Amino acid sequence: DAKTTQPTSMDCAEGRAANLPCNHSTISGNEYVYWYRQIHSQGPQYIIHGLKNNETNEMASLIITEDRKSSTLILPHATLRDTAVYYCIAGGASNYKLTFGKGTLLTVNP
Amino acid sequence: DVKVTQSSRYLVKRTGEKVFLECVQDMDHENMFWYRQDPGLGLRLIYFSYDVKMKEKGDIPEGYSVSREKKERFSLILESASTNQTSMYLCATQGDSGGSYNEQFFGPGTRLTVL
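Residue numbers (this note's numbering), protein chains in the order written: chain A, 75 to 184; chain B, 4 to 118.
Calculated directly from the structure, the hints in this document are not laboratory data.
Far from chain A, some chain B residues (derived; all Cβ distances over 12 Å): (1) 10; (2) 11; (3) 15; (4) 22; (5) 23; (6) 27; (7) 55; (8) 70; (9) 76; (10) 78; (11) 81; (12) 83; (13) 88.
Under the rule of at most 30 Å between Cα atoms (straight-line distance), these lysine-lysine pairs were calculated in the DSS-like manner: (14) A:176 x B:16; (15) B:56 x A:171; (16) B:73 x B:58.
Covered stretches of chain A, as calculated for chain B (at least 3 residues, CB under 8 Å): (17) 114-123; (18) 173-184.
Only a predicted model underlies this, so the values are computations on that prediction, with no experimental measurement involved.
We put the beta carbon where it would ideally sit given N, CA and C, even for glycine.
The shape of chain A in the complex, shown without the other chains (with noise of 0.2 Å):
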């Protein structure tokens, strides 16, 4: 699986946009980006995924570049309870054995 690199911690205002980046210029041609996120004390949890399409669910909208090499996950009105940790993980299509690094801590802000 292609390695990700993703900023330690953001922050953003309840209400913004938030858009979170990250990294995977190694991703290989039949390899996913998949989005999790974990709020504190719960296990991770589905966002999105996508393979060079933009896509958009009830949750959140994933915008991978035309190089496929970085990708931005974007909640367009974040608020308090999205505040957890987003993990961005490439992998293949059937990919069951997902590789979590350490993910972006987003922190919200009243």
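Model the placement of chain B on the given structure of chain A, informed by the hints.
Frame of chain A; chain B shown alone:
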């Protein structure tokens, strides 16, 4: 909603004890996983199972074994607990749709302390 339950939220054991951590899911998922999570190291895969009685080693299987006798239940066994196995243990499940990605659903975790 998928429900993944783990037998205990907190557990304290002594060095050398045999420890069983149980995970039960109610969604008929084929795949089940055991991870441990430590500060600064993220989540690391210990073992996973893709069917009853089937298992594969993850990244850090040493000191652990697993058992899957029924589809809904996946047990992690520490044969002889050691202090370096003090950690948060997370169970996850995943359906298998043959090629496309299915999300993993995680349990709440068991915080194990080995004294």
